[in-house]
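These are the residues of each chain, in order.
Protein chains: 6
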Amino acid sequence: MFSVTVRDHIMVAHSFSGAVFGPAQRLHGATFVVDATFRRPDLDDDGVVVDIGLATEQLKAVLGELNYRNLDDEPAFAGTNTTTEVLARTVADRLAARVAAGDLGVGAHGLTGLTVTLHESHVAWAAYERSLP
Amino acid sequence: MFSVTVRDHIMVAHSFSGAVFGPAQRLHGATFVVDATFRRPDLDDDGVVVDIGLATEQLKAVLGELNYRNLDDEPAFAGTNTTTEVLARTVADRLAARVAAGDLGVGAHGLTGLTVTLHESHVAWAAYERSLP
Amino acid sequence: MFSVTVRDHIMVAHSFSGAVFGPAQRLHGATFVVDATFRRPDLDDDGVVVDIGLATEQLKAVLGELNYRNLDDEPAFAGTNTTTEVLARTVADRLAARVAAGDLGVGAHGLTGLTVTLHESHVAWAAYERSLP
Amino acid sequence: MFSVTVRDHIMVAHSFSGAVFGPAQRLHGATFVVDATFRRPDLDDDGVVVDIGLATEQLKAVLGELNYRNLDDEPAFAGTNTTTEVLARTVADRLAARVAAGDLGVGAHGLTGLTVTLHESHVAWAAYERSLP
Amino acid sequence: MFSVTVRDHIMVAHSFSGAVFGPAQRLHGATFVVDATFRRPDLDDDGVVVDIGLATEQLKAVLGELNYRNLDDEPAFAGTNTTTEVLARTVADRLAARVAAGDLGVGAHGLTGLTVTLHESHVAWAAYERSLP
Amino acid sequence: MFSVTVRDHIMVAHSFSGAVFGPAQRLHGATFVVDATFRRPDLDDDGVVVDIGLATEQLKAVLGELNYRNLDDEPAFAGTNTTTEVLARTVADRLAARVAAGDLGVGAHGLTGLTVTLHESHVAWAAYERSLP
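First to last, the sequence lines map onto chains A, B, C, D, E and F.
For the first sequence, my numbering assigns the number 1 to the initial residue and increments by one for each residue that follows.
For the second sequence, my numbering assigns the number 134 to the initial residue and increments by one for each residue that follows.
For the third sequence, my numbering assigns the number 267 to the initial residue and increments by one for each residue that follows.
For the fourth sequence, my numbering assigns the number 400 to the initial residue and increments by one for each residue that follows.
For the fifth sequence, my numbering assigns the number 533 to the initial residue and increments by one for each residue that follows.
For the sixth sequence, my numbering assigns the number 666 to the initial residue and increments by one for each residue that follows.
Everything labelled a hint here was simulated from the structure, so no lab data went into it.
Note that this is a predicted model, so its numbers are computed, not measured.
Hints may contain errors.
[What the hints assert, rightly or not] 25 Å max Cα-Cα, derived DSS-like pairs, lysine-lysine:
no. : chain 1 : residue 1 : chain 2 : residue 2
1   : D       : K459      : F       : K725
2   : B       : K193      : C       : K326
3   : A       : K60       : E       : K592
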């Protein structure tokens with residue numbers, strides 16, 4: 001199995017609902033350093049997993065919908081805690097939709113899986129792994 | 134599949150038995166930077182894999198049993214080489230016992246797997262991955 | 267010259283005033299991984315620059331005044347852009363006050379300088395360096 | 400499942416064929432920081448996944464065949480784009496051959512899998528994972 | 533003293549002249565992860581050392597003149613070993629010229645110093661530090 | 666001013682005397698990731714600060730005198746707390762002696778300064794900076 005990973009980041013504000021979150025129930029923020037990992041069993045004719053230029057560009061586009069925002073104000077997250085885990089799934093699902101739409105190139109239809117990891121600090125990170133249809 | 138990882142560290146002394154260890158047969162030491170990764174297929178009602186506060190606290194408790202010690206003197210390791218691999222399994226199994234005992238919260242009963250990675254330097258690390266019952 | 271550095275982090279929300287900040291004029295947030303570096307020309311009688319336990323504890327205390335907050339609501343920053351540079355100076359000056367107050371131990375009076383570095387992402391960081399009286 | 404990883408690096412020149420590579424069609428170069436991860440379900444009698452000294456030495460030997468070279472001139476890669484993905488597979492397959500030949504010690508015959516990751520920058524890396532017979 | 537650092541990277545081919553370089557006399561390559569640090573004693577009216585957007589953009593522009601190239605073919609380096617040290621100075625001097633030309637904004641005229649660090653691997657890096665007029 | 670840094674590591678056991686050290690008064694251990702930074706105002710005729718091959722080799726030789734040892738048993742440290750700070754100075758002074766002895770090549774006589782940084786974990790490190798005669 002092959003994989004390629006590209007890294008970017010976002011800087012967002014948000015707050016959480018639920019006693020389990022302690023002081024993080026207050027409005028605060030985070031830098032998420034985001035790693036998107038694309039997987040496939042075989043390489044395409046160019047010898048790559050995915051066009052890394054398109055992968056980088058599309059990850060930036062997906063992150064651009066979240067970046068420099070207060071996620072508490074985003075309709076897409078109404079009634080949802082925007083935890084690191086939830087955001088990892090959101091980024092992965094939006095990237096998967098772009099793969100399906102052909103935004104990462106026709107070669108990307110050979111991708112079989114995707115993992116998105118969000119690093120919230122030097123001591124904590126979360127990931128969401130999914131298959132691609 | 135979702136995962137959350139928290140990081141902490143220990144500083145221990147030990148020595149190894151067996152010619153394969155070369156100079157590491159002498160009493161020496163290591164800083165192990167320890168990553169504990171918790172996995173589950175779905176998030177709990179708060180939108181998390183595990184209460185990250187409890188996960189951090191319980192990892193610190195497990196590591197506290199090893200930290201600032203000469204592992205050659207620990208009864209738990211009598212007759213055992215405390216290699217990075219063995220210590221990764223020890224930390225994972227002790228964390229798993231705490232998950233089972235409810236120390237990471239009732240939500241943690243949804244966890245299905247655990248990986249512990251011990252970084253012994255910038256050029257070497259070991260991991261142990263196990264399921265949770 | 268000797269130095270010792272300890273690392274911790276904060277997660278805050280804020281917004282900036284001024285066209286130079288572009289989209290960062292919106293309410294957003296950041297994780298700042300914070301390195302506090304203490305300097306002195308000679309070691310104390312214990313062979314250290316500073317009691318690293320106290321240094322870690324006092325850095326955490328200073329950061330605790332900022333952590334999990336919307337800095338736009340903090341009176342201390344009214345009318346001030348809480349840029350990474352400004353926050354680095356704030357943390358350094360508050361640590362310096364604690365050194366002067368004896369909170370890092372009597373040995374810490376031998377310290378001659380302090381640098382605080384705030385990493386806002388994997389591709390950007392800022393620092394403030396000052397002397398200690 | 401246990402794993403052990405060792406890290407080394409190479410510095411090579413190469414160029415790519417195919418419009419997808421854009422400016423990387425020109426002769427350029429890369430430092431690849433290479434992580435070789437060895438896996439097995441149980442530890443050997445010494446309590447290790449593999450003799451880490453031999454693993455480090457054999458990784459260096461495999462990388463020595465590529466290091467400080469223009470890969471465009473290497474017969475082994477004639478007609479092949481030496482992408483990060485292709486090089487990850489090359490290093491993995493050559494390490495696997497050395498495991499089979501006994502170069503990592505007789506204990507290494509218990510290894511069941513191998514992953515090689517090549518970091519081409521702070522924002523991109525690729526990996527190839529394979530089983531061992 | 534304040535500083536702000538931004539990070540980017542280049543991927544180049546080159547070779548060195550001189551027995552001291554051993555196998556690096558052959559055509560090979562490197563990824564250089566490049567940190568540009570800007571210094572000034574006081575912040576500007578926006579509370580920053582430099583417009584970080586412009587700093588990032590100008591660093592990318594300077595690096596774009598080197599990226600994906602064989603430096604042995606660049607007239608600017610004819611007769612010069614493009615060592616990590618030499619490239620650090622080149623990047624620093626070209627950034628300094630852009631500061632002087634106003635490309636980093638009028639506020640950048642308050643800058644007093646600049647350091648450029650090139651990381652050639654996880655175990656080696658070089659830096660060049662200079663003042664700004 | 667130019668600098669070049671090379672990285673290596675040691676794994677040692679030791680214990681400390683003095684209530685300030687708390688649990689670190691017990692025999693424990695550490696991995697120290699060691700960065701040796703060499704400085705000079707101008708490059709030599711080859712365009713380098715120092716022969717990086719010799720610098721790497723001599724750092725390894727200096728570290729080899731400490732590696733895989735219990736520092737409490739080393740005569741050189743009798744009556745001395747082998748704190749991270751003290752070890753940073755020890756490594757720096759021993760490297761400086763090798764520079765003076767010509768072990769880093771005749772070109773190394775142009776070096777004017779040296780800094781040694783010891784990373785004891787992902788959250789703490791110490792450094793010692795000195796001039797070279």
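Now for the hints, and whether the structure bears them out:
no.: 1; hint: D:K459 to F:K725; verdict: 17 Å, holds
no.: 2; hint: B:K193 to C:K326; verdict: 17 Å, holds
no.: 3; hint: A:K60 to E:K592; verdict: 17 Å, holds
Of the numbered hints given earlier, the model fails none.
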